[in-house]
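J.: Letter by letter, the chains look like this.
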Amino acid sequence: MAAEGSKRTRTLGDLADLVGGRVRGDASLPIDDVAPLESAEGRHVSFFANRRYKKLLDATRAGAIILAPEDASLSDGRAILEVKNPYLAFAKVSALFHPVQAPSPGIDSHACVHPEADVDPSATVMAFAYVGRHARIGPHSVLHPGVVVMEEARVGAHCLLHVNASVRERCILGDRVILQPSAVVGSDGFGFAFDPEALSHVKVPQAGIVRIEDDVEIGACSCVDRATLGETVVGAGTKIDNLVQVAHNVRIGPLSILCGQAGVSGSTQIGAGVVLGGQVGIAGHLDIGDRAKIAAQAGVHTNVPADATWAGAPAGPHREFFRNAVAFNRLAQLVTEVRELRAAVAELQKKPATKPRRKSKP
Amino acid sequence: MAAEGSKRTRTLGDLADLVGGRVRGDASLPIDDVAPLESAEGRHVSFFANRRYKKLLDATRAGAIILAPEDASLSDGRAILEVKNPYLAFAKVSALFHPVQAPSPGIDSHACVHPEADVDPSATVMAFAYVGRHARIGPHSVLHPGVVVMEEARVGAHCLLHVNASVRERCILGDRVILQPSAVVGSDGFGFAFDPEALSHVKVPQAGIVRIEDDVEIGACSCVDRATLGETVVGAGTKIDNLVQVAHNVRIGPLSILCGQAGVSGSTQIGAGVVLGGQVGIAGHLDIGDRAKIAAQAGVHTNVPADATWAGAPAGPHREFFRNAVAFNRLAQLVTEVRELRAAVAELQKKPATKPRRKSKP
Amino acid sequence: MAAEGSKRTRTLGDLADLVGGRVRGDASLPIDDVAPLESAEGRHVSFFANRRYKKLLDATRAGAIILAPEDASLSDGRAILEVKNPYLAFAKVSALFHPVQAPSPGIDSHACVHPEADVDPSATVMAFAYVGRHARIGPHSVLHPGVVVMEEARVGAHCLLHVNASVRERCILGDRVILQPSAVVGSDGFGFAFDPEALSHVKVPQAGIVRIEDDVEIGACSCVDRATLGETVVGAGTKIDNLVQVAHNVRIGPLSILCGQAGVSGSTQIGAGVVLGGQVGIAGHLDIGDRAKIAAQAGVHTNVPADATWAGAPAGPHREFFRNAVAFNRLAQLVTEVRELRAAVAELQKKPATKPRRKSKP
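Residue numbers (my numbering), protein chains in the order written: chain Z, 2 to 363; chain G, 2 to 363; chain D, 2 to 363.
Careful: at least some of the hints might be erroneous.
Which copy? The list can't say, so a pair holds if one copy fits it or any two copies do.
Below, computed lysine-lysine pairings styled on DSS-like, alpha-carbon distance capped at 25 Å [stated by the list, open to error]:
| # | residue 1 | residue 2 |
| --- | --- | --- |
| 1 | Lys85 | Lys351 |
| 2 | Lys56 | Lys204 |
| 3 | Lys56 | Lys352 |
| 4 | Lys351 | Lys56 |
| 5 | Lys294 | Lys204 |
| 6 | Lys351 | Lys204 |
| 7 | Lys204 | Lys85 |
| 8 | Lys352 | Lys294 |
| 9 | Lys85 | Lys352 |
| 10 | Lys55 | Lys294 |
No lab work stands behind these hints, which were simulated from the structure alone. Note that this is a predicted model, so its numbers are computed, not measured.
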C-alpha cells in the first residue's frame, strides 16, 4: 500500500547518490515527493523519458527533473538529475517517497485460519481472509480481505496478496510474490477427453500444482492454471499483467513480461526474459526462446527462436510482418492494378506475332 | 437487483406518456411486464428494432409492441407503441416494471467496517463486505457480499457494488457508479524498470489513484489500474463491459463505451463518446479523438482523429480496411494471377522488337 | 479437490479393465499413480499421445505407458496399456488415483446463510461463503470460501463452486456444475440506450437470468451475463475455459468448448459441439452451427454453417484463410512484383502497334 502520508524531505543531491546520477544545478534543493510533469511543484522531482511529452517538460513547475544525458539539453535552467536510466532512477526515488507500508502483524478477529495452518507471527491476515488446513504463510506476508489460501498451499516471505486473490490447494508461492486483486493461482487446467460412448467431455483430473517463484507479480483477474500432472511454473522475477491466462503445464522462465490479456496455451514453454505484448495468444506445446519479443495481438502457432521479434497472426518475424502489413493497406488497390495488368497483357497478346527480324529486302 | 415480484399494471397509454410515444390501437390495454417477442403474452409489451427478428414479430403473442414509425407497417392489427427511439423507450418501460430494489440500509452483523470508516446511515453493507479505515460510503450506496473498499477510498451516493468487487486504497467513485461482480478498481499499474545490474524488474511504485466519475458502470472482472502518479480517470457516464483492461494513467472521457475484453494501454487518452468494440487493443501514449469508433479486435498503434471509424490491426480507416479485407480473401488467387502475368509478360518480352511503322515498300 | 494422499495400488490389468484396453507385458505390475513421462517412476503409469514428446517416451522410467495401438511400436520392452483413446483412458485412470475429496457436509460457523435459504444437509458451505434469501443449494454441492449465491438463485446437486465464484440473484445452476475461482454467473448484460436529450446512456434493465445446465464447467474469471429478458443459456456438458465472456441472451448448445479469452456477443446462438479457439470473438445476433470449429483469434461477423471450420478476421473457411495467410507473408514481395510488371507492360505498350497479319502484297 503506497500512501500519501509517508514523505520525508531529501535534497536533490541525496537522490543523485541513491540512483548513481549527477546533479546539474542546486544539489541542496529540498525535494519531498515525485510528481508528474503536469502537476509537479517546486518541491517535487519529476521525470522525463518520452519526447512525446516535451511540451509538458517545457511547462512544468517541477523543482527538478530526472532525465537521461542525451535529453539534458531539452531542459532549461532548471535543476536536473542526469542519469543513464531515468525510468529506473524514477522507480527508486519514488519508492523512497512511497514506501510500502506494512500493516500490523497478526490475524484479524474476522479472519478464518484453520487450527492446523501455519501462519508466521510476523504475517498479517486481514478480515475475511481464509487460510486452509496445513497451509503455510511465511514471515511478513500480508493477506488482504477476501484472500483465500486453500489447504496445503504455501505462501513464502514478504508476499502481498491483494483483496480477493486466491491460491488453491497445494500451490506454492515463493518470496516477495505479489498477487493483485482477484488474481487466481491454481484453478483447474482446461482438460477434457471426449467420450463418444457416453457423449460427454470427461474431466481430466488436474492433479498437479502451480509453483510461482520468487519476486513474481501477477495482475488483477489473471489466472494461472494448475498442471494436469506435475507443475505449472512461473519463473523468478517474471511479471504478469492483468487478465492474462496461463494454462496448465506452461513453464515460464525468469524475468519475462506478459502484458495485459495475453494468453498462453497448455504445455508451452516460455524462456527467460521473454516479452509478450498485450492480447498475444500462444498456442499449446510450443517453445518460445529466451528474450523473444512478441508484438501485441500476435498469434503464435510455431516455435519462436531465441532473441527473435515476432508479430502478426499467424506470427512471423516482425520486420516482414510490418512490411506486409503496409502492403495490406493498399491491397484493394493492388487487386485493381492486377486486373488492369491482365487486361493490358491480354491486349498485348492479341497483337499478331511479328515476324523474326530480318533484313528488309526491297 | 431487478426482481420478478415488483410489477404493477399500467395501460399502454401510460407507457406511451412515459416514453413520449404514440399508441396505435387500444390505449387502455393493461400491461404488467415487458417480455421478449418469443415468450410474450397478452399482458406483455414487447420490443422490435432488428429486422433480423421479423419472424418472431409475426409469431409473437405480445399484447403490444414498441417499435419505430418506419417499422409500424410490419406489425399486423396488434396494438403498437410507436416511438422514435424504441430501444430507449424499452429501457424506460422495462425500468418501470423492474425497479432496482434497495435492500434495507445498515451494516450487516457479518460485515466488517473499520471504526474510523464513514458509512452513511442510508447505505447498505452486506455480509462479508469490508470497509477500511477512513473509507467513506455515501448515501444509499449498497455493498454486496464480498465487496472490499480499502482505506481512504471514497464511494459516492447511490452506488451499487456487486459481489466481490473491490476498490483499493484512496480510489474515488462518484455517484451512481455500478461495479459488476469481481470488478477491480485501483490495482497496481504494470510498471517495472529493468535494472541490468541487479538483473531484476524493479517495481515502479504505483502511488496514484483511480477516479471513477458519476454514472459509470464497470463490468464483471474488468480492471482499472491506479496511476503511477496522479490519476487514472473514467469519465462521467462511460460504460465498461466485462473483462476490460484499463491501464495506469489512462484517461477516458465522458459517455464512452468499452466493449468486452477491450484493452487500453498506459497513458492513452480516450475522448468523449468513443466506442471501442470487443477485444480492441489500444497501444500506450495515444490520443483517441472524441466520438471515434474502433471496430472489434482492431489493434490501434497511432492516434485516431475525432469522429473516425477505424478497423484492422494495425488499425486504419474502416472503409479501407474492409476493402482490403475483402481483397485478402482472394489473396492466394492474386498471387497465382501475378505469377501467370509474369510468365505472360516474359513471353511477350521474348518477342522480337518490331520496327517502327512505315509504309511498306514493295 | 484432488489431493496427493488418496492413492491405492492397482495392477496394470485392473487399469486395462477400467478403460477397456489391452496390456502388453506384465498385467500384474503394481501401479499406484499416474505421472508425466519425465518424472514417472516404476510404480507409475504414464501417458503418450503426442509424437512431439517421443524423446520423453524414450527416456521415461515409468513402469507402464498408456498409448494408442498405432504408437505401440514406439515403446521398447516396457509394459504398455494399449487403448483406442489414450487421453480418455488417462482421464479415467487419473480419476481413479485422484478422486475428488468431498469435504464434510455442513455449514461452517464463519459462513452466512440466510434463514430462508434452503441448503441441503449433505451440502458444504465453507467459511465466508454467502447464501441469500430463498436461494437453494442442492445435495452434495460444495461452496468454497468467498463464494456468493444471491437470493433466489438455485444450485443443483453435486456442484462445486470454487473460491470467490459468484451466482447472482435468480440464476440457475444444474447438477454437477463446476465454477472455477472468481467465475461470475449472472452479471448484468451490457445494454444501454443513448438518450440524446439527457445526454446519457440509459441502463436497460437486465431483468432476465442465466441458466447453466448439467455438467457445465466455467473457468476462472469467466463471466456469463444475465439476459435482458428471458435467459442466457449454457447447454449441458459445455465446458468454458478461463476469462471467457458470454454476453446477455447468448444461447450455447450442449457439449461445446469455449477456449480461454473467447468472447461471444449478445443474442448469438452457438450450436451443439461447437469449438471456439482461444481469443475468438463472435459478433452479436449470429448463428454458429452445430459442430462448427472456429480457430484461435478469429473474428466472426456472419453466421457459420454447421460442421464448418473457420479462421481469420473477418472469419471465413479455414482452408482459404490459411492459403491467403501464407500469401500474406509474401505480400510486400507481391507489391514489388506488380510494380515491375507494370513497368514491363508499359515498356511493351510503347512498342509500335504492329499491323494485323495479312498476306503481303507486292
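J.: Tell me the hint numbers this structure goes against, listed in increasing order.
T.: 1, 2, 3, 4, 6, 8, 9 and 10
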